[in-house]
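The whole structure should be built from the sequences, with the hints applied where relevant.
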Amino acid sequence: MDFLVSHYNYWIFIFLMMLGFYVVVARGNLVKKIIGLNIFQASVFLLYISIGKIFGGTAPILIDGNGTDPVIYSNPLPHVLILTAIVVGVATTALGLSLVVRINEAYGTIEEDEISEMDLEP
Amino acid sequence: MIAAHYPALQIVVPLIAAPLCVLLRRGMLAWLITVAVSWLAFFIAIQLLQQVMASGPISYELGGWAAPWGIEYRIDSVNAFVLLIVTGISAVVAPYARATVDQEIPEERHYLFYSAYLLCLTGLLGIVITGDAFNVFVFLEISSLSSYVLISLGKDRKALTAAYQYLVMGTIGATFFLIGVGLVYAMTGTLNMADIAARLDAVENTRTVLAAFAFITVGLGLKLALFPLHLWLPNAYAYAPSAVTVFLAATATKVAIYTMLRFVFTLFGADFALDVTLLAEFLMALAIVGVFAASITAIFQNNIKRMLAYSSVAQVGYMVLGVSFFSVTGLTGGIVHLFNHAMMKGALFMALGAVFYRLGTVHLDRMRGLGRQMPLTMFAFVIGGFSLIGLPLTVGFISKWYLILAALERGWWPIAALVLLSSLLAVAYVWRVIEVAYFRDPPANHPKVTEAPLSLLVPMWVLVLANIYFGVDTSLTIGVAESAAKSLLGMGG
Amino acid sequence: MRHHVILRVVAKLGIPFIMLYALYVQFHGDFGPGGGFQAGVIFGAAFILYALIFGLDNALKVAPMNVVITFISLGLLLFAGVGVAALFYGGQFLDYGVLANDFVSGQHLGILLVELGVGITVAAVMIAIFFTFADRGR
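Residue numbers (my numbering), protein chains in the order written: chain A, 1 to 122; chain B, 1 to 493; chain C, 1 to 138.
For the record, the hints were derived by calculation from the structure and aren't laboratory data.
Be aware that one or more of the hints could be misleading.
Unchecked claim - Only part of the chain B face toward chain C is listed, based on derived beta-carbon distances under 7 Å:
#, residue
1, A8
2, P19
3, E61
As the list claims (entries may be wrong) - In silico lysine-lysine, BS3-like type, Cα no more than 30 Å apart, as pairs:
#, chain 1, residue 1, chain 2, residue 2
4, A, K32, B, K155
5, B, K448, B, K155
6, C, K12, C, K61
7, B, K448, B, K158
8, A, K32, B, K158
Even for Gly, the Cβ is constructed at its ideal location relative to N, Cα and C.
As structure tokens, this is what we get:
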């Protein structure tokens with residue numbers, strides 16, 4: 001029981017990841033797939049940031065007048081990695097949505113099964 | 001001394017050229033910049049390969065920060081070989097692109113096309129050259145996003161759905177890779193590849209590292225189109241513009257295979273993969289099933305671009321088969337097939353691009369009698385096809401030779417027999433095209449077609465002659481591949 | 001949405017402050033949360049708010065598409081240019097320490113310029129994405 005409670009961030013990460021993955025796979029609407037992809041990526045951000053947390057840590061900035069006293073600070077590296085990943089996610093979403101707009105103009109629909117049917121015609 | 005900065009310049013030159021193309025706005029200028037940058041990048045890659053073969057691995061620290069704290073570009077024989085492949089293909093595709101892009105893409109988008117092409121080139125080169133695990137993810141996404149854009153510029157509206165499907169699957173693959181890298185960072189505290197390799201030994205048997213290994217291999221497996229995860233590839237290659245298909249077919253999956261080699265052998269270590277996980281068995285099984293499934297599907301395709309795309313999935317199976325032996329011969333075969341397949345598929349897709357340029361379609365029915373109307377183009381296709389089958393004097397033979405040798409070394413006769421059997425399947429689908437092109441009459445009511453223009457023929461034949469040259473004189477490719485295989489397995493050299 | 005008085009007045013009051021806040025976030029990235037990406041998005045949000053309230057045509061008069069696209073390239077060239085300038089001054093690529101007289105102020109200058117380049121590109125990209133989508137529908 002203690003194992004479940006103390007690792008709650010991992011459980012949330014797994015739940016969100018599977019939720020996003022399920023939406024991508026199970027929903028036929030192209031926009032819903034992109035939303036699922038976003039949830040999937042957001043779960044990864046939560047994983048990184050939650051494992052980078054140091055309890056009692058402060059921001060990693062030199063404090064004037066502290067001399068050489070040791071300071072516990074949070075690791076800035078996971079935050080930087082996630083910043084990059086968020087920007088990648090934004091770019092992917094923008095690209096995906098623009099493709100959906102173009103597909104809508106070309107096919108008249110954004111349901112995957114209707115598009116597959118239209119593609120089967122020679 | 002500018003030579004000392006070649007590793008950085010390899011990335012920076014295409015990276016700066018991309019926004020320059022956007023600023024200059026003219027299609028012609030953008031094309032000239034692309035050709036110049038591709039040739040410059042090829043020159044730099046040759047210099048880097050020569051330096052690595054002469055004096056060992058090169059290490060370049062970005063920003064002057066020493067290795068585990070800063071991002072390090074690390075080049076050894078494996079890297080340098082793949083850099084040569086990517087830049088070489090780009091150097092040949094860039095001149096080829098002009099005629100096909102003029103025909104397939106509206107004039108006002110040309111500068112955007114070349115800008116996306118240069119960004120894709122930057123991304124692919126970055127994945128290969130970097131020595132930092134997260135940097136691989138960043139460049140992977142740069143190359144993936146620009147390839148989604150490039151694919152969606154195809155004329156057929158199916159290019160849009162193909163690009164969308166590739167986007168969804170590619171993003172899932174890259175995110176799996178990101179999860180794996182995150183877990184590795186959590187266990188080792190560093191992102192530098194050499195540092196991770198040193199620190200992973202202590203924590204090898206934890207479940208986190210096993211999970212990280214699984215996530216990384218599945219994510220990369222999706223990017224390199226390993227058998228059940230290859231579903232994005234046929235549509236993406238079939239409906240993309242011709243120049244894009246040539247470039248991506250010859251480079252994108254190779255770079256992903258290189259990344260898998262780097263992570264499995266250098267970071268996790270061959271012993272870990274062999275003893276603790278079942279990676280070798282999985283890869284071998286999936287590779288063989290992939291070769292057969294993809295080859296059989298290829299035989300039944302009427303759209304020749306789609307047929308060659310399925311053939312690419314089969315060839316990726318051969319490369320992964322070579323890797324799964326975990327022996328020097330097997331790895332040499334897999335690595336040299338990276339080079340050989342780039343030559344083969346590059347030439348084949350270029351020939352198809354020329355056919356599309358003249359005919360407007362690549363449907364098998366319309367290609368009747370093409371052997372007489374476009375003799376040079378179809379002869380290039382024939383030689384490329386011979387290479388796919390693996391006939392002697394072509395590069396395809398060299399790869400299959402090493403794969404069979406690796407299987408016989410272990411005493412695994414069935415594997416060698418399966419490799420030979422699959423070559424017969426390749427005969428089937430190559431023969432379909434040859435028979436229609438040479439032994440049928442041209443359709444009566446369609447206008448006559450002439451040979452492809454020189455700007456398409458010259459790059460095509462450069463690749464075809466490279467096919468034959470490197471099939472006869474294998475000292476360069478086998479030498480580098482063997483050195484790369486030995487360094488991956490930790491045997492020095 | 002021009003005829004909604006409250007929205008129009010609040011937007012007119014808010015947009016300059018949003019832009020000012022974006023500049024604050026941009027240049028305080030080394031002392032607190034901030035930096036190029038965040039500032040770029042906030043700055044882009046100001047333009048997008050203007051386009052939402054006052055209409056796309058007015059927004060396009062303020063920020064024409066080819067100007068926005070030019071800024072995308074300029075930001076990226078600024079970033080890469082700082083890296084190449086470091087090469088000319090004798091350091092490695094992106095080695096900011098050699099850009100000024102001593103290491104610390106060189107690093108400071110380098111990071112400021114690089115983050116500025118990132119901020120410009122991100123702001124321009126956000127604006128360009130919004131304008132492209134909005135233009136398509138009408």
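Task: Hints breached by this structure - done: Structure breaks no hint.
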